[in-house]
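Participant: Hints given; two lone chains; assemble the complex.
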Amino acid sequence: QKEVEQNSGPLSVPEGAIASLNCTYSDRVSQSFFWYRQYSGKSPELIMSIYSNGDKEDGRFTAQLNKASQYVSLLIRDSQPSDSATYLCAVNIWGIDSGAGSYQLTFGKGTKLSVIP
Amino acid sequence: AAGVIQSPRHLIKEKRETATLKCYPIPRHDTVYWYQQGPGQDPQFLISFYEKMQSDKGSIPDRFSAQQFSDYHSELNMSSLELGDSALYFCASSLERGAYEQYFGPGTRLTVT
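From first to last, the protein sequence lines stand for chains A and B. In terms of our numbering, the first sequence opens at residue 1 and continues consecutively. In terms of our numbering, the second sequence opens at residue 1001 and continues consecutively.
Note that these hints are calculated values from the structure, not bench results. In this text the structure is predicted, and so the values were computed from the model without any measurement. Just so you know, not all the hints are guaranteed correct.
Within a straight-line C-alpha distance of at most 25 Å, the following computed PhoX-like cross-link-like pairs (lysine-lysine) qualify [said to hold, decoys possible]: (1) 67(A) to 109(A); (2) 1013(B) to 42(A); (3) 1013(B) to 1052(B); (4) 56(A) to 1057(B); (5) 109(A) to 1052(B).
Chain B on its own, in the form it takes in the complex (with noise of 0.2 Å):
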């Protein structure tokens, strides 16, 4: 089946600069989620997006920002990178809004150095 693919694997980049993060979510699923995820820490919501609006935000800082496109995918893009930034970055899709379950890609490892 189908999974969530998720682009690229792993960056790095250094402080002050831009990365820009994709995710293709699972055919006909019509909502996609964005998680962070520090080390030893659970997976924290950032922001979801539901037929290509935003639906929900969570603890987001202001220097991210995302989109979902008419293809339903999503890229979260990260500005005036700082070194507490890195962390994995996971996204998920689902049905519904998320009523049912989630699926979650293989995340992003982004390391700012």
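Okay, chain A solo, but in the shape it has when bound (with noise of 0.2 Å):
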């Protein structure tokens, strides 16, 4: 089982309306936990960070977390077409497999969004 689960979508919302995306993980002593956005043939593109339980707002996008559920989830209010992209979901992991140690990001399989005129 992947340690960073998101349903793969595609997800259509048409434009004006929330979209709700969701995330679970399974490493426990996971403490930051990221939302990007990619385009098609682009690069990931941070659009929200939260490292504690609880809501946290930007704009038009609101990130929540459960440590305990081990569930992360962001919401985008007032969908636009631009906002169509896929939305991966990230935990960060220490990993010391060689050398003094870092944290890498484990990401989802990522959301499809589509938000349709």
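Facilitator: Printed below as a string of structure tokens:
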């Protein structure tokens, strides 16, 4: 089982609606969680980071974290066609396979969002 | 704001050839990461460097090697290229060995023919 799970979609919402994306993770000691947006053929773009339980809002985006349930979500309000992309949930996991160790991002497979005009 | 710089952006190589990818992190970021993303896949961690020392290794083939230089830029060297190495290669950088956010560069699209 993959360490970070997401519904692959596609998720289609009408313009102006709320898009809700969900993610679960298996590593109970993970402390930091991220949502990246990736357009086809482009690099992942960080849109939200969240470190403590509860909600974090930034413009039209709200991230929610529940460490007890090992669940992270992203809400996009007033969805726009330009929001159409793949949204990657990522969890920071400490790795020390060699060297002094560092955090490495483990990604879910991504949810493809389509916002219909 | 300055971002992560990668070069080249596109690279076409033949099987068994060698490729070198370069990454320039965001100024003052001390940690560099390399990720590989195959078609339809999520990014997979390859290797990381902190203060010019290798800090962690993921699913990096033995044919690949990397290093970080005194100016903090990093190079990923790939030898004996195989068709399956065709992918997007991303470099990311962060402060404090990734305890916080990692920022990705634009990537290098490698095509092996």
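Participant: It remains to establish, for every hint, whether it holds in the given structure.
Facilitator: Going down the list of hints, with the structure as the test:
1. 67(A) to 109(A): Satisfied, since the Cα-Cα distance of roughly 20 Å is no more than 25 Å.
2. 1013(B) to 42(A): holds, 21 Å
3. 1013(B) to 1052(B): Cα-Cα ~28 Å, so violated.
4. 56(A) to 1057(B): Violated - the C-alpha atoms of residue 1057(B) and residue 56(A) are around 32 Å apart, more than 25 Å.
5. 109(A) to 1052(B): violated, 31 Å
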